[in-house]
Amino acid sequence: MMDPFTIFAFPVAELNAGYLPRFGRLSSLLQAWQLLGKHGESWVVMVQFQGAVWVKTLFLCLVLGLAPLIATPAVAQNSAQNNFQTRVVPLPRLKPAPPALSEYLSPLDAIYLRRGLSAAGDGDWRELKKAKDSIQDPTAKDLLRWVRSERDPNVPTDWLTYVVHDLSDWPRMVSIQAKAEARLFDDPLSSRRTLEWFNGKEPVSGEGRAALARALYQAGDRDQADRWLKSAWRDARLSRDVQRDLFQEYRSRLSEQDHVARADHLIWLGSRHFSNAKALLPHMNREERAVMEARMELASNGRNINAAVDAIPANRVNDAGFLFERARWRRKRKSNDYALPVYLQIGSPPTTENGQERMWAEKKLMAYWLMGDQRWAEAYRMTEFSGATSGAPFFESEFLGGWLALTKLGQPGVALERFQRLESGVTTPISLSRAHYWQGRAMEPLNDPRRDQAYAAAAKYPNTYYGQLATKRLQGQTARLTLPPQMISPQARQRFEADPRVKALRLLGEAGEERYFSTFAYALDDDLESLDELALLSQVSADYSFMRPSIRAAKQAGRFQSMLTENGYPIVAPIEALGAEFDIPFVYAIARQESEFAANAVSSASAFGMMQMINATASATARRHRIPYDRDRLITDRDYAARMGALHLHDLLEDFDGSYIMAAVAYNAGPRRVRQWIERNGDPRTGQIDPIDWVEQIPFSETRNYVQRVMENMQVYEARRNGNVAPVTIDQDLRFGSQHPSVR
1 MMDPFTIFAF
11 PVAELNAGYL
21 PRFGRLSSLL
31 QAWQLLGKHG
41 ESWVVMVQFQ
51 GAVWVKTLFL
61 CLVLGLAPLI
71 ATPAVAQNSA
81 QNNFQTRVVP
91 LPRLKPAPPA
101 LSEYLSPLDA
111 IYLRRGLSAA
121 GDGDWRELKK
131 AKDSIQDPTA
141 KDLLRWVRSE
151 RDPNVPTDWL
161 TYVVHDLSDW
171 PRMVSIQAKA
181 EARLFDDPLS
191 SRRTLEWFNG
201 KEPVSGEGRA
211 ALARALYQAG
221 DRDQADRWLK
231 SAWRDARLSR
241 DVQRDLFQEY
251 RSRLSEQDHV
261 ARADHLIWLG
271 SRHFSNAKAL
281 LPHMNREERA
291 VMEARMELAS
301 NGRNINAAVD
311 AIPANRVNDA
321 GFLFERARWR
331 RKRKSNDYAL
341 PVYLQIGSPP
351 TTENGQERMW
361 AEKKLMAYWL
371 MGDQRWAEAY
381 RMTEFSGATS
391 GAPFFESEFL
401 GGWLALTKLG
411 QPGVALERFQ
421 RLESGVTTPI
431 SLSRAHYWQG
441 RAMEPLNDPR
451 RDQAYAAAAK
461 YPNTYYGQLA
471 TKRLQGQTAR
481 LTLPPQMISP
491 QARQRFEADP
501 RVKALRLLGE
511 AGEERYFSTF
521 AYALDDDLES
531 LDELALLSQV
541 SADYSFMRPS
551 IRAAKQAGRF
561 QSMLTENGYP
571 IVAPIEALGA
581 EFDIPFVYAI
591 ARQESEFAAN
601 AVSSASAFGM
611 MQMINATASA
621 TARRHRIPYD
631 RDRLITDRDY
641 AARMGALHLH
651 DLLEDFDGSY
661 IMAAVAYNAG
671 PRRVRQWIER
681 NGDPRTGQID
691 PIDWVEQIPF
701 SETRNYVQRV
711 MENMQVYEAR
721 RNGNVAPVTI
731 DQDLRFGSQH
741 PSVR
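Each residue of the sequence shown is one higher than the last, beginning at 1 in our numbering.
Among the hints, a few may not be true.
Said to hold, decoys possible - Lysine-lysine pairs mimicking DSSO-like chemistry, simulated, CA-CA at most 30 Å apart:
(1) K230 - K334
(2) K364 - K334
(3) K408 - K460
Quick caveat, the hints were computed from the structure, so don't treat them as lab data. Owing to the predicted nature of the structure, the values given are computational and were not obtained by experimental measurement.
Please work from the sequences and hints to get the whole structure.
Spelled out as C-alpha cells, the structure:
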C-alpha cells in the first residue's frame, strides 16, 4: 500500500550555493522536527502527497536555527496528524539567519530558476525546460527562455520567436534575432507569416534580409524585394551554401555590379572569405576580375603575384583595394620604406566599413613609424583619405592629423579644422574633451578669442585626462577638482525598478551568475536614460559585489556631463591598508584601469587578479622583496594581490626616477617598450619634451589610452581620499621624474 505522504529535507545553504542537492528522505514529520532542531542551519522541507493518478509536490520552507529542541515528540506527532500541514516555528538563534533564497521570487521559483541556470551551464536543455515549465514568475520564466536562446544552437524556433518579439530590449538581441532569421531562410514560413514576423522589425543578418526579400517577391512587392536582396548580397556575411542558394534562386535579379560589390566586400573581410569571392569571378568582366585576383594573390602571398599584378589594366592600378594589398605585401615581406610609395599613392578610401578599418590600421602603423623617424609631413599624409565618418578610423585619423599639423608642421589652421571635424563625429566624454582641448591649443597661435570657450567645453568632463588639462589651462594654480554628490529621485527609482530587465538582473545577482549579470548590466548601461538610473544600476551591481559592471555603469555618467564617484571610483580596503611608502592614488589608478577591482579577473594574456600581474612579473617581485609567492593568492587574496601590485609599481617608479607616465607604460607594455620609445621620441624627464606630446607619440593605441586613463584616475582618487575635493595636479604629475615621490 502506498504511503499517503513522503517527507524530504535539504539545507537552504546548499541552495544558496547555486545548486540543488539530492533530497534526504525522512520517515516522518517527527524525524524532520528532530533534524531541524539538531542542526544550526536553515532547511527546506518537502512534503510529497501521493494521489491515485497525479503526484502533487508542495515545498514548505522553514527558516530554523540552532536551538534546543523545544517541541516534544507529542507536539510533532500532533502536527503530523493535523492534515499534514507544516508551520514556520520561530526558534531562537545563536547566529544570524542566512539570506532568503530570493527577495523577488517564491522559494519554489527560486529553486527552479537556479536549477535551470545550472542546467544551462551543463548544456542540459531538457532540464532547463522542465525548470522553466515549473516556474510561476514570468520574469524568471523569461530569463530561462533568454538563456537558452542565447546559448543553445538548437533552441526551438518558437523560443527564438518569443524572445525576439516579446523580449526585444533584452541583451544580445542581434545575435538571437540572427539565429532566428537563419531558421526563416532555411525553413521558410509562408510569405504572409514571414512579413508578419518582420512587421516593425528590420533584419539584422544576411539570411534575414534574404528571407524578407523572398517573402516580398512572393507577395508581389518587387521594388522592396530587390532592395533587401541587394542589401543581403552586397555587404552581408553569408555561408558558402547560403551564397550559392541565393545566387541560384535570384540570379536574374542580381547585376554584375552587385557581384563586384560582394567580391570587394568579401576580400576586405580577409582570406577566410576568398572562396566565396572566387565563386563570383566568372560573373564579372575581365577588368574587374583581374583586380580581384591580384588582391587575393597578394593577400595570400601566392605564387603568381607578378603575373596577377601585371594583368591589371592601367586604368585600374589606383584601385584602393589593390594598392592596400600591394603596400601591405611590401611592408610585410620587404620593408616599410619599400611600401611607403604605394601607401602615399592611395588617393581614395575604401567604400566598405571593414575596408576603412583595415586601411586605417595599416596607415596608422606607418604614421607612427614615420613619426619615430621625425618624418612629419609623410606621417601627416597617412592620416588623409580615411573615408570614415565614425569609429576608430575616423576619430584616430582626424586627431592624429590635427596633432601633427599643430605640433610638428606649424599649421594651426589646418589643425583646428581637423579638431572641429573630430568634435562633430564623436559622442563620448573622452573624445569630446580631447577635441575641445586641442581646439583650444590650436586657437592659441591663431589668437582666436574662442580659446577659453574651447577649454571650458573640455573642462565640463572633469574626470577625463583632457578635461583636467583644460581645467588647469583655465584656472592655473587655483584649479580644483570637486566631486559631485549623487541624489536619486523617487521617480527615477520607481522607473528603474519597474523595468523587467532590472528584475532579471537582480535574479541573476541572487543566483551568483556573474557572466549573465554582466551581460544584462552592460546592455542596460547603454539604454538607461538618466543619471539617476545609472547610479541605481551601479549600486545594484555593487550590492552583489560585481565590481566591473558597477564601475562601467558609473562610467556612463559622462553621457550626462557628470560623475558617479562613490561606485565609479570605489575605496577598497586592501589598497587603503598599504603603507605610507606606496603612492596610494597611483595604485588605485592602475587597479581601476587594469581590472576595475575585479578580484577574480584573469585576462587572455594570463594576468591575474585585481592588479592583473602575469606570473613571471609577480614571481620576480616576490623574490625581489623576499615574499613567499603563491599565484593562486593573486585571485583569492585581495590583500596579497594589492601588495604585490603596489610593490611592482614601487619598483617601476624607482626604475624610472619617479615618472608616473613611464611607470604606467612599463606596467602595461613592459619596461623594454619604455626604453624603446625614449630612444625614438626622446625622454620627457629631461624637461625638454612636452610629456603630453610624448604620450601622444606612443605607437600602441591600447598603451596610449592606458596612460591617459591612469593619469586621470589619479586626480579623482586624490579627491576621493580628501573629502571629494583636491587640487588638479595632472600637469605636475605628467612631469614627475626627477625623484621617487614617496609622499606626493
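Against the structure, the hints:
no.	hint	in the structure
1	K230 - K334	40 Å, violated
2	K364 - K334	18 Å, holds
3	K408 - K460	28 Å, holds
Figure legend: structure checked against the earlier numbered hints; the only hint not met is number 1.
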